Amino acid sequence: MPRGSRGAAPWLPGQCSRGHARARLRLDALLNARSALGTPAPIGRSVPTSLFAAKELPERPHGGSGDGGARGECRTRGMSGADVVDRALEATVVPSFTRVGSAIRARLEHWTPIERYDLAGRVIVITGATSGLGHAAAEILARDGATIEVIARSEHKAVGVVDELRAVAPDCDHGYALADMGDFHAVRSAAEELRARHDRIDVLVHNAGALDAELARAPSGIEQTVASQVAGPFLLTALLLDALRAASPGRVLWMTSGGMYTQPLDVDALEPDPTTYRGAMTYARAKRAQVTLVEMIAARLDPSSVVVHAVHPGWADTPGVARSLPTFRRVVGPLLRTPAQGADTLVWLAADDGEPVRTSGLLWHDRRPRPAHRRNLTKKADTPDERRRLWEWCVDVTGVDIPADRT
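The working numbering puts the first residue of the sequence shown at 692, with every later residue one more than the last.
For the record, the hints were derived by calculation from the structure and aren't laboratory data.
Incorrect hints may have been included.
[Said to hold, decoys possible] Distance ranges between label pairs, derived from CB positions:
(1) GLY812 <-> ARG886: 16 to 22 Å
(2) VAL859 <-> PRO1075: 20 to 26 Å
(3) THR1029 <-> ARG969: 39 to 45 Å
(4) HIS847 <-> GLY1011: 15 to 21 Å
(5) THR1074 <-> SER845: 37 to 43 Å
Computed from a prediction, not measured in an experiment: that's the story for all the values here.
Glycine included, each C-beta is placed from N, C-alpha and C at the ideal position.
Sequences are here, hints too, so could you generate the full structure?
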(Lines of atoms letter the chains of each structure in order from A and count residues from 1; the text may use other names and numbers.)
(Lines give C-alpha, C1' and ligand atoms only; values in the text may rest on other atoms or scores of the structure.)
Protein backbone atom coordinates (compact mmCIF):
# COMPACT_ATOMS: atom_id res chain seq x y z
CA MET A 1 0.00 0.00 0.00
CA PRO A 2 1.41 3.45 -0.85
CA ARG A 3 2.83 5.49 1.99
CA GLY A 4 2.22 8.83 0.31
CA SER A 5 5.35 10.73 -0.63
CA ARG A 6 4.95 14.44 0.10
CA GLY A 7 8.37 16.04 -0.24
CA ALA A 8 11.19 16.93 -2.57
CA ALA A 9 14.89 16.24 -2.04
CA PRO A 10 16.55 18.50 0.57
CA TRP A 11 18.88 21.23 -0.60
CA LEU A 12 22.61 20.78 -0.19
CA PRO A 13 24.68 23.33 1.74
CA GLY A 14 25.55 26.25 -0.47
CA GLN A 15 22.44 25.89 -2.60
CA CYS A 16 20.19 27.88 -0.29
CA SER A 17 19.93 31.12 -2.23
CA ARG A 18 19.40 29.48 -5.60
CA GLY A 19 16.90 27.02 -4.14
CA HIS A 20 14.96 29.70 -2.35
CA ALA A 21 14.72 31.80 -5.50
CA ARG A 22 13.74 28.76 -7.53
CA ALA A 23 10.96 27.90 -5.08
CA ARG A 24 9.63 31.45 -5.15
CA LEU A 25 9.58 31.40 -8.95
CA ARG A 26 7.65 28.15 -8.90
CA LEU A 27 5.19 29.62 -6.40
CA ASP A 28 4.72 32.76 -8.50
CA ALA A 29 4.15 30.68 -11.62
CA LEU A 30 1.58 28.49 -9.94
CA LEU A 31 -0.25 31.39 -8.35
CA ASN A 32 -0.53 33.02 -11.77
CA ALA A 33 -1.97 29.92 -13.41
CA ARG A 34 -5.46 31.39 -13.55
CA SER A 35 -6.51 29.21 -16.43
CA ALA A 36 -6.25 26.21 -14.14
CA LEU A 37 -7.59 27.75 -10.96
CA GLY A 38 -10.10 30.29 -12.21
CA THR A 39 -10.02 34.06 -11.86
CA PRO A 40 -10.48 35.11 -8.23
CA ALA A 41 -13.41 37.27 -7.31
CA PRO A 42 -12.60 40.67 -5.84
CA ILE A 43 -12.35 40.66 -2.06
CA GLY A 44 -15.15 42.87 -0.79
CA ARG A 45 -15.16 44.95 2.37
CA SER A 46 -18.10 42.99 3.70
CA VAL A 47 -15.76 40.12 4.66
CA PRO A 48 -13.53 40.80 7.70
CA THR A 49 -9.90 41.21 6.75
CA SER A 50 -8.96 39.09 9.77
CA LEU A 51 -10.07 36.09 7.76
CA PHE A 52 -7.39 36.66 5.18
CA ALA A 53 -4.27 37.71 7.11
CA ALA A 54 -2.21 35.62 9.48
CA LYS A 55 -0.37 38.23 11.52
CA GLU A 56 1.78 35.67 13.31
CA LEU A 57 3.76 33.18 11.25
CA PRO A 58 3.29 29.84 13.05
CA GLU A 59 6.19 27.75 14.16
CA ARG A 60 6.59 24.35 12.57
CA PRO A 61 5.06 21.73 14.86
CA HIS A 62 7.65 19.10 13.98
CA GLY A 63 11.42 19.06 13.77
CA GLY A 64 13.61 19.16 10.74
CA SER A 65 12.45 22.33 9.02
CA GLY A 66 15.19 24.39 10.61
CA ASP A 67 15.02 28.09 11.27
CA GLY A 68 18.37 28.11 13.04
CA GLY A 69 21.70 29.45 11.89
CA ALA A 70 23.87 32.48 12.43
CA ARG A 71 22.56 35.94 11.66
CA GLY A 72 22.89 36.71 7.98
CA GLU A 73 22.65 33.09 6.84
CA CYS A 74 19.70 31.97 4.79
CA ARG A 75 16.93 30.87 7.18
CA THR A 76 15.71 28.20 4.74
CA ARG A 77 18.93 26.19 4.74
CA GLY A 78 18.17 22.49 4.97
CA MET A 79 14.58 22.96 3.76
CA SER A 80 13.30 21.54 0.52
CA GLY A 81 11.73 23.74 -2.14
CA ALA A 82 8.35 22.34 -1.16
CA ASP A 83 9.01 23.32 2.48
CA VAL A 84 9.76 26.93 1.51
CA VAL A 85 6.65 27.20 -0.63
CA ASP A 86 4.53 25.61 2.09
CA ARG A 87 5.80 28.10 4.65
CA ALA A 88 5.12 30.99 2.27
CA LEU A 89 1.55 29.74 1.83
CA GLU A 90 1.07 29.35 5.59
CA ALA A 91 2.14 32.96 6.17
CA THR A 92 -1.10 34.11 4.54
CA VAL A 93 -4.50 32.51 4.90
CA VAL A 94 -6.14 32.86 1.48
CA PRO A 95 -3.63 30.93 -0.65
CA SER A 96 -3.21 28.24 1.99
CA PHE A 97 -6.87 27.59 2.74
CA THR A 98 -8.25 27.83 -0.81
CA ARG A 99 -7.77 25.48 -3.74
CA VAL A 100 -4.68 27.47 -4.68
CA GLY A 101 -2.89 25.94 -1.70
CA SER A 102 -4.01 22.37 -2.34
CA ALA A 103 -3.10 22.57 -6.03
CA ILE A 104 0.39 23.95 -5.35
CA ARG A 105 1.18 21.53 -2.53
CA ALA A 106 -0.10 18.48 -4.39
CA ARG A 107 2.08 19.36 -7.36
CA LEU A 108 5.27 20.27 -5.51
CA GLU A 109 5.07 17.53 -2.90
CA HIS A 110 4.11 14.74 -5.30
CA TRP A 111 1.09 13.60 -3.35
CA THR A 112 0.18 9.96 -3.79
CA PRO A 113 -3.14 9.91 -5.69
CA ILE A 114 -5.90 8.74 -3.38
CA GLU A 115 -7.15 6.19 -5.93
CA ARG A 116 -3.92 4.21 -5.57
CA TYR A 117 -4.78 3.04 -2.06
CA ASP A 118 -6.23 -0.43 -1.56
CA LEU A 119 -8.56 -0.36 1.44
CA ALA A 120 -10.27 -3.72 0.91
CA GLY A 121 -11.34 -5.19 4.23
CA ARG A 122 -11.21 -1.93 6.17
CA VAL A 123 -14.28 -0.69 8.03
CA ILE A 124 -14.67 3.09 8.24
CA VAL A 125 -17.40 4.83 10.24
CA ILE A 126 -18.23 8.39 9.13
CA THR A 127 -20.63 10.78 10.82
CA GLY A 128 -22.23 13.49 8.70
CA ALA A 129 -21.69 11.58 5.45
CA THR A 130 -24.91 12.60 3.71
CA SER A 131 -23.50 15.80 2.20
CA GLY A 132 -20.41 17.96 1.83
CA LEU A 133 -17.01 16.78 2.98
CA GLY A 134 -18.32 13.65 4.68
CA HIS A 135 -20.15 12.52 1.57
CA ALA A 136 -17.09 13.14 -0.60
CA ALA A 137 -14.86 11.21 1.82
CA ALA A 138 -17.29 8.29 1.98
CA GLU A 139 -17.44 7.95 -1.80
CA ILE A 140 -13.66 8.21 -2.27
CA LEU A 141 -12.92 5.68 0.48
CA ALA A 142 -15.56 3.30 -0.88
CA ARG A 143 -14.01 3.48 -4.34
CA ASP A 144 -10.72 2.43 -2.73
CA GLY A 145 -12.42 -0.68 -1.35
CA ALA A 146 -13.38 0.30 2.21
CA THR A 147 -16.64 -0.75 3.82
CA ILE A 148 -18.40 2.44 4.92
CA GLU A 149 -20.77 2.78 7.86
CA VAL A 150 -22.71 6.05 7.71
CA ILE A 151 -24.07 7.70 10.86
CA ALA A 152 -26.81 10.17 9.95
CA ARG A 153 -29.91 11.81 11.40
CA SER A 154 -32.17 11.13 8.42
CA GLU A 155 -32.88 7.54 7.41
CA HIS A 156 -33.97 8.69 3.96
CA LYS A 157 -30.65 10.43 3.36
CA ALA A 158 -28.65 7.59 4.90
CA VAL A 159 -30.30 5.02 2.64
CA GLY A 160 -29.62 7.23 -0.38
CA VAL A 161 -25.92 7.52 0.45
CA VAL A 162 -25.57 3.78 1.08
CA ASP A 163 -27.23 3.08 -2.28
CA GLU A 164 -24.72 5.41 -3.95
CA LEU A 165 -21.82 3.68 -2.22
CA ARG A 166 -23.08 0.27 -3.28
CA ALA A 167 -23.26 1.51 -6.85
CA VAL A 168 -19.59 2.58 -6.88
CA ALA A 169 -18.35 -0.30 -4.69
CA PRO A 170 -20.80 -3.21 -4.95
CA ASP A 171 -18.48 -5.75 -3.34
CA CYS A 172 -18.63 -4.07 0.09
CA ASP A 173 -21.43 -4.39 2.62
CA HIS A 174 -21.99 -0.70 3.32
CA GLY A 175 -24.46 0.19 6.05
CA TYR A 176 -25.79 2.95 8.28
CA ALA A 177 -26.89 3.75 11.81
CA LEU A 178 -29.19 6.58 12.81
CA ALA A 179 -28.15 9.20 15.33
CA ASP A 180 -28.10 12.92 15.89
CA MET A 181 -24.64 13.34 17.39
CA GLY A 182 -26.09 15.74 19.95
CA ASP A 183 -28.58 13.11 21.18
CA PHE A 184 -26.56 10.93 23.53
CA HIS A 185 -29.20 8.20 23.73
CA ALA A 186 -29.17 7.92 19.93
CA VAL A 187 -25.36 7.89 19.90
CA ARG A 188 -25.36 4.97 22.33
CA SER A 189 -27.84 3.07 20.17
CA ALA A 190 -25.78 3.67 17.03
CA ALA A 191 -22.62 2.48 18.78
CA GLU A 192 -24.41 -0.68 19.90
CA GLU A 193 -25.51 -1.38 16.31
CA LEU A 194 -22.01 -0.88 14.97
CA ARG A 195 -20.43 -3.11 17.62
CA ALA A 196 -22.93 -5.82 16.78
CA ARG A 197 -21.97 -5.69 13.09
CA HIS A 198 -18.21 -5.24 13.43
CA ASP A 199 -15.68 -6.66 15.86
CA ARG A 200 -13.12 -4.33 14.33
CA ILE A 201 -13.43 -0.71 13.19
CA ASP A 202 -10.39 0.64 11.37
CA VAL A 203 -11.31 4.32 11.23
CA LEU A 204 -13.83 6.52 13.04
CA VAL A 205 -14.39 9.91 11.38
CA HIS A 206 -16.08 12.67 13.37
CA ASN A 207 -17.35 14.91 10.58
CA ALA A 208 -20.94 15.76 11.55
CA GLY A 209 -21.71 19.29 12.62
CA ALA A 210 -23.32 22.44 11.35
CA LEU A 211 -22.94 26.14 12.04
CA ASP A 212 -26.28 27.27 13.47
CA ALA A 213 -27.18 30.95 13.39
CA GLU A 214 -29.77 30.60 16.17
CA LEU A 215 -29.36 29.03 19.59
CA ALA A 216 -30.71 25.48 19.72
CA ARG A 217 -30.58 22.87 22.45
CA ALA A 218 -29.78 19.18 22.14
CA PRO A 219 -31.96 16.67 24.06
CA SER A 220 -29.39 16.81 26.87
CA GLY A 221 -29.99 20.55 27.21
CA ILE A 222 -26.51 21.40 25.94
CA GLU A 223 -26.18 23.89 23.09
CA GLN A 224 -26.56 21.88 19.87
CA THR A 225 -23.25 22.77 18.20
CA VAL A 226 -21.24 21.86 21.28
CA ALA A 227 -23.28 18.72 21.95
CA SER A 228 -22.92 17.38 18.40
CA GLN A 229 -19.31 18.38 17.78
CA VAL A 230 -17.64 18.00 21.17
CA ALA A 231 -19.59 15.85 23.63
CA GLY A 232 -21.21 13.48 21.11
CA PRO A 233 -17.92 12.56 19.39
CA PHE A 234 -16.25 12.09 22.79
CA LEU A 235 -19.02 9.66 23.73
CA LEU A 236 -18.90 7.73 20.44
CA THR A 237 -15.11 7.42 20.65
CA ALA A 238 -15.35 5.94 24.14
CA LEU A 239 -18.08 3.48 23.12
CA LEU A 240 -16.19 2.23 20.03
CA LEU A 241 -12.75 2.15 21.62
CA ASP A 242 -12.49 -1.64 21.89
CA ALA A 243 -13.43 -2.10 18.22
CA LEU A 244 -10.88 0.54 17.24
CA ARG A 245 -8.16 -1.14 19.31
CA ALA A 246 -8.82 -4.36 17.41
CA ALA A 247 -7.50 -2.67 14.24
CA SER A 248 -4.06 -2.14 15.83
CA PRO A 249 -3.99 0.74 15.28
CA GLY A 250 -7.46 2.10 14.88
CA ARG A 251 -7.72 5.71 13.78
CA VAL A 252 -9.97 8.45 15.15
CA LEU A 253 -10.14 11.51 12.90
CA TRP A 254 -11.86 14.78 13.81
CA MET A 255 -12.83 17.19 11.05
CA THR A 256 -12.26 20.60 12.55
CA SER A 257 -12.07 24.08 11.02
CA GLY A 258 -9.51 26.82 10.55
CA GLY A 259 -11.98 29.01 12.42
CA MET A 260 -10.73 27.49 15.66
CA TYR A 261 -7.56 29.58 15.27
CA THR A 262 -9.62 32.64 16.25
CA GLN A 263 -10.88 31.29 19.59
CA PRO A 264 -9.14 30.25 22.82
CA LEU A 265 -10.03 27.20 24.85
CA ASP A 266 -12.81 28.38 27.19
CA VAL A 267 -14.82 25.68 28.92
CA ASP A 268 -17.30 28.14 30.45
CA ALA A 269 -18.10 29.42 26.94
CA LEU A 270 -19.23 25.94 25.88
CA GLU A 271 -22.45 26.88 27.70
CA PRO A 272 -23.14 30.15 25.80
CA ASP A 273 -25.24 32.98 27.15
CA PRO A 274 -28.54 33.00 25.18
CA THR A 275 -28.66 36.80 25.22
CA THR A 276 -25.32 37.17 23.44
CA TYR A 277 -25.32 34.00 21.34
CA ARG A 278 -23.30 34.09 18.12
CA GLY A 279 -23.37 30.93 16.05
CA ALA A 280 -20.05 31.42 14.28
CA MET A 281 -18.22 32.06 17.55
CA THR A 282 -19.77 29.03 19.23
CA TYR A 283 -18.81 26.91 16.24
CA ALA A 284 -15.19 28.12 16.41
CA ARG A 285 -15.05 27.48 20.15
CA ALA A 286 -16.34 23.94 19.61
CA LYS A 287 -13.66 23.37 16.98
CA ARG A 288 -10.99 24.63 19.39
CA ALA A 289 -12.25 22.15 21.98
CA GLN A 290 -12.05 19.37 19.38
CA VAL A 291 -8.37 20.02 18.67
CA THR A 292 -7.59 20.09 22.39
CA LEU A 293 -9.44 16.80 22.93
CA VAL A 294 -7.49 15.20 20.09
CA GLU A 295 -4.25 16.05 21.87
CA MET A 296 -5.55 14.85 25.22
CA ILE A 297 -6.99 11.57 23.95
CA ALA A 298 -3.80 10.85 22.01
CA ALA A 299 -1.77 11.40 25.19
CA ARG A 300 -3.87 8.76 26.96
CA LEU A 301 -3.93 6.04 24.30
CA ASP A 302 -1.09 3.77 23.23
CA PRO A 303 -0.47 4.74 19.58
CA SER A 304 0.11 1.10 18.71
CA SER A 305 -3.58 0.51 19.45
CA VAL A 306 -5.31 3.80 18.53
CA VAL A 307 -4.06 7.02 16.91
CA VAL A 308 -6.02 10.26 17.00
CA HIS A 309 -5.74 13.23 14.64
CA ALA A 310 -7.56 16.45 13.75
CA VAL A 311 -7.74 17.85 10.24
CA HIS A 312 -8.93 21.17 8.92
CA PRO A 313 -10.02 21.14 5.28
CA GLY A 314 -9.33 24.72 4.30
CA TRP A 315 -12.22 26.54 2.67
CA ALA A 316 -14.45 24.19 0.68
CA ASP A 317 -17.65 24.78 -1.25
CA THR A 318 -20.16 22.70 0.69
CA PRO A 319 -23.90 23.00 1.38
CA GLY A 320 -23.04 24.01 4.94
CA VAL A 321 -20.93 26.95 3.76
CA ALA A 322 -23.61 28.02 1.28
CA ARG A 323 -26.26 27.94 4.01
CA SER A 324 -24.31 29.42 6.92
CA LEU A 325 -21.84 31.81 5.24
CA PRO A 326 -23.49 33.07 2.04
CA THR A 327 -21.56 36.36 1.89
CA PHE A 328 -18.25 34.61 2.41
CA ARG A 329 -19.12 32.10 -0.30
CA ARG A 330 -20.10 34.84 -2.74
CA VAL A 331 -16.82 36.69 -2.23
CA VAL A 332 -14.40 33.76 -2.12
CA GLY A 333 -16.47 31.37 -4.24
CA PRO A 334 -14.13 30.94 -7.24
CA LEU A 335 -11.28 29.99 -4.91
CA LEU A 336 -13.16 27.56 -2.68
CA ARG A 337 -12.03 23.96 -2.77
CA THR A 338 -14.30 21.26 -4.09
CA PRO A 339 -15.64 18.83 -1.46
CA ALA A 340 -13.17 16.22 -2.72
CA GLN A 341 -10.26 18.66 -2.34
CA GLY A 342 -11.45 19.62 1.13
CA ALA A 343 -11.70 15.96 2.13
CA ASP A 344 -8.32 14.96 0.68
CA THR A 345 -6.25 15.10 3.87
CA LEU A 346 -8.99 13.36 5.85
CA VAL A 347 -9.05 10.54 3.30
CA TRP A 348 -5.24 10.38 3.27
CA LEU A 349 -5.15 10.11 7.06
CA ALA A 350 -7.66 7.26 6.86
CA ALA A 351 -5.82 5.42 4.08
CA ASP A 352 -2.08 5.94 4.37
CA ASP A 353 0.06 3.59 6.48
CA GLY A 354 2.97 5.99 6.88
CA GLU A 355 2.88 9.21 8.90
CA PRO A 356 -0.79 8.90 9.96
CA VAL A 357 -0.04 5.78 12.03
CA ARG A 358 3.48 6.72 13.12
CA THR A 359 2.18 9.85 14.87
CA SER A 360 -0.80 10.79 17.03
CA GLY A 361 -2.40 13.92 18.46
CA LEU A 362 -1.64 16.21 15.52
CA LEU A 363 -3.61 18.81 13.57
CA TRP A 364 -3.24 18.34 9.80
CA HIS A 365 -3.88 20.49 6.75
CA ASP A 366 -2.87 19.52 3.21
CA ARG A 367 -1.09 16.36 4.37
CA ARG A 368 1.22 18.18 6.79
CA PRO A 369 0.99 18.64 10.55
CA ARG A 370 0.19 22.22 11.52
CA PRO A 371 0.46 24.25 14.72
CA ALA A 372 -2.59 24.24 16.95
CA HIS A 373 -2.22 27.98 17.58
CA ARG A 374 -1.55 30.98 15.35
CA ARG A 375 -2.13 33.63 18.02
CA ASN A 376 -0.51 34.13 21.41
CA LEU A 377 -3.95 34.83 22.89
CA THR A 378 -5.21 31.32 22.21
CA LYS A 379 -1.92 29.71 23.16
CA LYS A 380 -1.86 31.40 26.58
CA ALA A 381 -5.43 30.29 27.30
CA ASP A 382 -4.55 26.64 26.64
CA THR A 383 -3.51 25.88 30.22
CA PRO A 384 -3.33 22.53 32.03
CA ASP A 385 -6.16 23.65 34.32
CA GLU A 386 -8.45 24.56 31.41
CA ARG A 387 -7.67 21.24 29.74
CA ARG A 388 -8.54 19.40 32.94
CA ARG A 389 -11.84 21.29 33.10
CA LEU A 390 -12.63 20.37 29.48
CA TRP A 391 -12.03 16.69 30.15
CA GLU A 392 -14.11 16.73 33.33
CA TRP A 393 -16.92 18.53 31.49
CA CYS A 394 -16.97 15.87 28.74
CA VAL A 395 -17.01 13.04 31.29
CA ASP A 396 -19.74 14.75 33.31
CA VAL A 397 -22.15 15.43 30.43
CA THR A 398 -21.66 12.08 28.64
CA GLY A 399 -21.30 9.77 31.62
CA VAL A 400 -18.26 8.00 30.12
CA ASP A 401 -14.51 8.32 30.41
CA ILE A 402 -11.64 7.34 28.13
CA PRO A 403 -9.21 5.63 30.49
CA ALA A 404 -5.50 5.94 29.87
CA ASP A 405 -3.72 2.81 28.67
CA ARG A 406 -0.27 4.37 28.87
CA THR A 407 1.54 6.57 31.35
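Handout entry: CB-CB spacing for SER845 and THR1074 relative to the 37 to 43 Å hint
Key = Holds - the Cβ-Cβ distance for THR1074 and SER845, about 40 Å, lies within 37 to 43 Å.
Practice task
Indicate whether the distance between the beta carbons of THR1029 and ARG969 respects the range 39 to 45 Å.
Solution key: Violated - the Cβ-Cβ distance for THR1029 and ARG969, about 29 Å, lies outside 39 to 45 Å.
Problem - CB-CB spacing for ARG886 and GLY812 relative to the 16 to 22 Å hint - result: holds (18 Å)
Handout entry: Assessment of proposed distance window 15 to 21 Å (beta carbons of HIS847, GLY1011)
Key = Given about 19 Å between the Cβ atoms, the range holds.
Exercise for the section: Take the C-beta atom of VAL859 and the C-beta atom of PRO1075, compute their distance, and say whether it sits inside 20 to 26 Å. Expected result: With a Cβ separation near 46 Å, VAL859 and PRO1075 fall outside 20 to 26 Å, so the hint is violated.
Hints 2, 3 from the list above are not met by this structure, while the remaining hints are.
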